[in-house]
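Enquirer: Here are the chains, one letter per residue:
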Amino acid sequence: MTLKSTSALAAVFAAAATGSAFAGNDDALDIVFINDGHVAPYHVAWLAGFEDAIAAYGEAFPDLEISGRWLSAEGSLERMIQQAEVTINEAPDIMFVNAINVDAFEPLVAQAQDAGITWIAVHSAMESADYSFTLGDITNGRNQGMAMCALSGGEPFQVAIMLGQAGNPSGEARRQGILEGISTCDNIEVVAEQPADWDTVRAQSIAENWMTQFPELDAISGVTDAYMYPSLAIAANSGRSDLQLYGYDGDIPILEQMRDGPVMADILLSGTREGWNFVQMAYRLHRGDELEKVYDFFTPLVLTEENHRLALENGFPENIEVYSVDQALDVAANGFREFGPDSVR
Amino acid sequence: MTTVGKLLRERNIIFVTLACCLVFYLINPRLLSLDNLSAISRQIVPIGLIALGQFFVVVSGNIDLSMGMASVLFAIVLGVFFGMTGGVELGLLAVVASSLALGFFNGVMVAKLKLPAFIVTLSVLFMAQGLSGLIIPRGQQIFLMGGFFSYVGSETFLGIYLSFWFLVALFGLAYVVYNHTRIGTCIIAIGNSEENAKLAGINIDRVKIGIFMFSGLCSGFAGVMLSTRMGFVQPGLDGNGLLLDGIAAIIIGGTLILGGRGTIGGAFWGLLFIGLVNNALNLLNVEDVWHQVFKGLVILAALGANWILWQSREATAH
Amino acid sequence: METAGKTTEQSPSPAISALAMRYLVLAALIVIASLGFGFANENFFSLANIGILLRSISVLFIVSMAMTFVMLTGGIDLSVGSNVAFAGGVGVIALTATGSAPVGFLAAILAGMSIGLINGIFVGRMKLSAFMVTLATFALARGLALVIYDADSINVSNAIFLWLGGTSWGNVPVVIPFVVLVFAVLSVVLYRTTFGRDVYAAGANFKTAFVLGRRPERTLVWVYILSGALAGLSAIITVGRVSSGQPWAGLYLEFDAITAVILGGTSLFGGRGRLFGTILGVLLYGIIINGLVLTGTNPYLQSLIKGAILLSVVLLDSWTQRGKQR
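If you read the sequences in order, they're chains R, Z and E.
Be aware that the first sequence starts at 0, since it is given in the numbering used here, and climbs by one per residue.
Be aware that the second sequence starts at 7, since it is given in the numbering used here, and climbs by one per residue.
Be aware that the third sequence starts at -5, since it is given in the numbering used here, and climbs by one per residue.
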């Protein structure tokens, strides 16, 4: 912020010195992204993508003074509300808010809009927000569950599902989707559902306990790839190479485990991409583009080509878009370019 | 009388732990299966290392709140060095050196500058949390693949995990030092009364610094064990959860939080109890919203049972 | 009894002069931090931002004052944050069921007090470690909150229930004068009543207090009940602030409160400290958090700064004390 105000000051001096009419440089775009956390691998990639995109847009459009920062509520609703209040008082142009609970933010949305700020609700759509950026968590979860159905081989099949934090809207939506997907076949039994609070250490203990509690366990499904890291280590350490893992997020290291590894399916979000998409969206709004009120982030299911073929044979719907591992890896690594400055020139 | 009291306290936690075992067993027999016991043995290693380091600190009348976050920091130090060199030797060396240095810092602040341990180590907790994110570029995760990590993480000797052997060996060593050397006596004396300990000619500062260096080292070990179990490290792991479980273990095991009293055996049983409760939460498939209620009630029940036993035994002893 | 009263009344007074130095240090830090942030961001001193700042720490003020009572007795209460969620849940459910705000208020306070009662009995009567007991109720209260909410939030639209936490007179949130009122009442309780003297006595030395016939067990029970009641009050404010009941409300609150109370110079071993110091501690803490948000500081750097400030305050304090002794 200091940087912004000093450079604005410098611009004023420059304008005064040249005596010009001073038109170009008051074109500024200030974006604030308030997120629910910053430590999970997905968050890390997401926030880094956001930072990089701000820098790239700043370089590509020297006439536009673009600035952005992110804040992390570290899981605390009160902290997030304080951050939102402080931010509204700062009056940026656009706020992205990944609300921990949407109900609690209704008064703030109105307050922000009164201050002329565009409020973009992240992940959980809000009627009152100017725009919502959504993932289709239920659909994605359902795709994961249906993939499991198609790859479970028709025999009795035990799965344990690792959940987010109790009550978290994204986590609940994903869970609901996964259960819906699984219910499309009758050979899969959900033997356990446990919340790991998005925490890898907890996920580690839970997965370990499942391995001993359910010796017949066939698969672990998770609502985030953060749970896949410890699950991979456990599957390897306990010699259970036959254990199937079903992930969600499209973290690059997990996608890499799909070719021969135990990860059978993943949902390709890619945090980097999402961070870049935010900045592109903000730029387009600033430019005056018409955007749909609910923007759905494209998040395909990822399967190996072989498994996709197998799944189709087992009745997996043909109309569901599936990315191969190579495609997904390419998108995860380079997909952010799709939202780069070139995309809006 | 005091030795009798000590023994009774120790027995209480054994009784409570076994009673819990029985109850959980009746609900789900798999709890006492060999597989599950061996899983528990591995899960409690980081908590156990923190409990052990904390034990000496607490008996000396202090507390080390930095242990949990510090262990996350040291896991990341190991990861950063592994990422740079591709090996673990330098990383382990760095962990040992930095954990001793952190303990030394805590110790000097508490012993020489006479600052309350609670505040010093709370500050260090925050700083360790901050550093753990700042020493990795952008807080990203680092993967720890290769011989050392899978060896320590999954190798067994006589059917028991190496990491658990390591914990048991450290506890054994601590038992000998605590009960059969002058160091143990000094620590208890300091915890009971610093004035008297000084009069008895104990170099209080040196003992205190030593205790904190040991707790620092234990955090370092806990970090290494954490990293071998996870296969990767990232900042923001729940270090405070480990810390609280470690403190809970030793207090349930009869260590007086004000210092001056506690047994290594009790601490070990307390550790088993905490490991059992954490494990049972998953194994009994407690519905997610009931998790915390269950944990809170079990700890309260253990405290209450401990108290009742303590009361009744005391009454019969009189 | 006469002499007993005298000794305990006098016992805090030498500590106060030592505390005065701490308050000067804190006040200086508050000024320095404010000027620094004000320089970095012109918005820092805006009336709106000051209102936001004060409102965001209003709950911390109240919980920290309660924590001061607990820590004056040499105890600690880790359950307050969870209790805010639990008491809020009970209050909101009572409100939804009856439609009556007073019933909701009463239910919230009583729920908070009941967790306090559990703490009080285990710590005061059974003489168990406060750290351990409140660690258990920390889990228990959060768990109960999740259970009664079924892990979901409940919307509240009752204007009376939301008034305290949600209304502002211009830039002044209603809750600010309310916090001042609570401070005044608690000051009277702590400095002008026998109960207050008992709190200091129980912390200064449990055994002596017992010998002097001060019934420290009973004092402890009431101190934890008070802490619970104030958690219930904080729950009402929190519900008003977010216009809904939230099962994850009050997360990390206990750590923030303990940090603020320690910053304010209250001894961990009981018997020494004043509510005024806690107010300064909360202010400093709140200003730093607010300023770090305004400047968009990386959260890891925030932790580092928090730790460094905490450590430097106690270092400065011990350094000035030492200078005075020589």
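Simulated from the structure, these hints should not be mistaken for laboratory data.
Errors might be hidden in some of the hints.
[Said to hold, decoys possible] To give an idea of the chain Z side of the interface with chain R (calculated C-beta under 7 Å), a few residues:
1) Arg36
2) Asn42
3) Ala45
4) Gln49
5) Gly145
6) Gln147
7) Ser160
8) Glu161
9) Thr162
10) Arg188
11) Phe238
12) Gly242
13) Asp294
14) Val295
Every value quoted in this text rests on a predicted model; they were computed, and no experiment measured them.
Beta carbons are placed, not taken as given, at the ideal position from N, Cα and C, and that holds for glycine.
Enquirer: Of the hints given before, which are not true for this structure?
Expert: 8, 9 and 10
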